[in-house]
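Visitor: So you can see what is in the structure, the chains are spelled out below.
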Amino acid sequence: MLSKHKSIRNLALMALLFMAFSGAANAQNPTASGVINANLVNKNGISIQFDTNSSGITLGAAGTSAATADFGAVSAFGPLSGGVTRPSVTAGSYTVRTIFDVQVVQGGLTSLTYTLTANLAAAAPIGLSYKVDAITLSTASQTIQTNGGYNTDIPHNLDLVVSTAAPGAGGPAVGTPITTVINFTATAN
Amino acid sequence: MVGGLLCLLAASAGAQTSTGQLTITMNVQSSISLVFQNNPAVGTAGFCPLTNAGTNNVGLDLGTAQFPGSAHSAACVNYAHITGALYEVSSAFDVVVTKSNSSSANYRLAAEISTPPPANVAWLINNVTLSTTTFTTLDSTDSFGSAITKTLQVQVKNTVPAQALQETVTFLATAN
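Sequence order for the protein chains is E and W.
Read in order, the letters of the first sequence are residues 1 to 189 in my numbering.
Read in order, the letters of the second sequence are residues 1 to 176 in my numbering.
If we strip away everything but chain W, and leave its shape as in the complex, we get (with noise of 0.2 Å):
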């Protein structure tokens, strides 16, 4: 009888504890991000510097230039005359694209632009016009997480009126 007081005594001394359970779900999905970044060469001619390089909402300002003598402002540009009547500013930048938890090997670039060019003037990407009804393709098999360069070029005739030219260029990766 002493006993079983102890042992009613030792219960309630003991500390007290309450249990919860939280339950949680979750979907994983697949993903891939895009991000354009300065060229190691960047600075030099031809590789002028990005704005706000790392994400994927960048700028590029290729400064200004002139048919005549081929002038340019800015040093980070190549400048060409294409043709006698046809100059080409250009400057390369990198693309990168990251995937998670995707057995996709590899992906497909493209590139559309927004608004339609004046006359006389294109837009292109590797020397592919880009447009603004289609994503142009540009790349079919691109490996994830490699830096892949690419070159932005305009390309003005001697015909245009002065003005400035103003483009956003969308880059869109699809995994394969």
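The following block holds chain E by itself, in its conformation from the complex (with noise of 0.2 Å):
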């Protein structure tokens, strides 16, 4: 009876060196960590998009910093497209209006406005001029504006001055499309 009582209590104390060597064992479970070392340059710039005004004609890539802008047919006494308004005839010349947007976005930069400036990138085809906000367009850079805000769309007049004469005699070719590149800078101020 006394051996038994004995061989019971050997059991119970292997049962708890057991577990408490289980438990030692368990807290030894390796672990492993690390760091990131994150950099990043923020950079300072700006940038330009046209974008289609709802009174004038609707752009050719909007939303770009090349955009296109069809004035379709164009006469001095004949229909216009959509966006063309006409705000003179006269017996020398006509002009054909439309709007557009120019916005220039910042980032990390202290400007609060920005100067535009436009040129043409070719000499104007014979019998047209063109106008930015009534200012006569060259192949020099001309201002525009001075004190433009960013991140919003800005409108400007986009005036093609027609001259009335015939194609020869100091007017415009006729019946075939003529296309003008006008190029655009922003400067922060």
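Worth flagging that the hints you see were computed from the coordinates, not collected in a lab.
Among these hints, one or two may not hold up.
As the list claims (entries may be wrong) - Pairwise CB distance ranges, derived in the manner of DEER restraints:
no.: 1; chain 1: W; residue 1: S140; chain 2: E; residue 2: V181; range: 39 to 47 Å
no.: 2; chain 1: W; residue 1: E112; chain 2: E; residue 2: S54; range: 37 to 45 Å
no.: 3; chain 1: E; residue 1: P87; chain 2: W; residue 2: G84; range: 55 to 63 Å
no.: 4; chain 1: W; residue 1: Q21; chain 2: E; residue 2: S54; range: 18 to 26 Å
no.: 5; chain 1: W; residue 1: S146; chain 2: E; residue 2: G78; range: 17 to 25 Å
Stated by the list, open to error - These stretches of chain W come out as covered by chain E in the derived footprint (C-beta under 8 Å, 3 or more residues):
no.: 6; region: 16-23
no.: 7; region: 27-37
no.: 8; region: 91-103
All values reported here derive from a predicted model rather than from experimental measurement.
Where a beta carbon is used, it is the ideal one built from N, C-alpha and C, also for glycine.
With the hints in hand, could you dock these two chains into one complex?
Guide: Quick look at the structure:
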């Protein structure tokens, strides 16, 4: 009887020892850790894009810095495309107009405004001249606006002044597409 | 090394710019316009004033007239008995046609009335009777930019019942 009690006690002791060693083993599971050293260089810069104005021609590639504006057929007395108006007709010339938006976005600058300039990429075709906000363009840079606000569409008038003269007599070519490129530059003030 | 650093600093301090291109396309077309104007003699006999003069949509009031007694209410009209049974009321005005981006040297002018007149009533321009079915040529080589004087005539036979005679006369200028 006494021997049986000893056997039971020994089994209990062995179980306790096993449990104790098991706990010790769990407490020593290997771990690992690491850190990421991240860097970002926040550069400053500005961008320009052309947007369609609700009163003007629907621009091609609107929202980019390389947009197109198709006036369609223009004449002194005939119908005009949507978004094109004819604010004046005189004996010597007539003006067709559309409105387009310029949006300049800046980041990382303390600049509050920008200066907008424009120039023709090549000399104006015969019988035509181009104006932005009443400023006649040439191949030399012309200042259009000196205090443009960032991050908002700013409307500008684009006028094409067309001579009424006949082709070959100082007037523009008739019945053929005429394409002109206007370069715009926005400079942070 | 210091020089290079200064160059970098100078570059970063420069004004920030962005460029864009807007490509414009257009197609110029020849065009002409026609407007009616008061003749310089407006107000005198034979030259009634136009309403809305200077446009391509004007009014011309010839007043009232009757066969007996050569009676007519408007002093600005010409009234005449053409035959023993026909009278005519007339008034003149100017037509000006302008061209743009055209090498055309001149234009031809035609006219048409919009509704058939009552029996024994005729509408004429410079003695050319107008019809509702076709444009009747009035001139073949009118000059652009010049005022061309035209006389609108209405001829009424004495058998025509009393009524208002109203007509719309459409003029058509075509560049040659």
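Visitor: Now tell me if each hint is right for this structure.
Guide: These are the hints, each one checked on the structure:
Restraint check, S140/W to V181/E: a C-beta distance of roughly 45 Å satisfies the suggested window 39 to 47 Å. Roughly 41 Å separates the CB atoms of E112/W and S54/E, a value that falls within the hinted 37 to 45 Å. One distance hint, 55 to 63 Å for the beta-carbon pair P87/E and G84/W, holds here, with the actual separation near 58 Å. Look at Q21/W against S54/E: about 23 Å separates their beta carbons, and that is inside 18 to 26 Å.
The given range of 17 to 25 Å is respected by S146/W and G78/E, whose C-beta atoms sit roughly 22 Å from each other. Check result for the region 16-23 of chain W against chain E: holds, 8 residues qualifying (beta carbon to beta carbon below 8 Å, three or more required). With 7 residues having a Cβ less than 8 Å from any Cβ of chain E, the region 27-37 of chain W passes the three-residue criterion, so the hint holds. With 6 residues carrying a beta carbon less than 8 Å from a beta carbon of chain E, the region 91-103 of chain W meets the three-residue requirement, and the given coverage holds.
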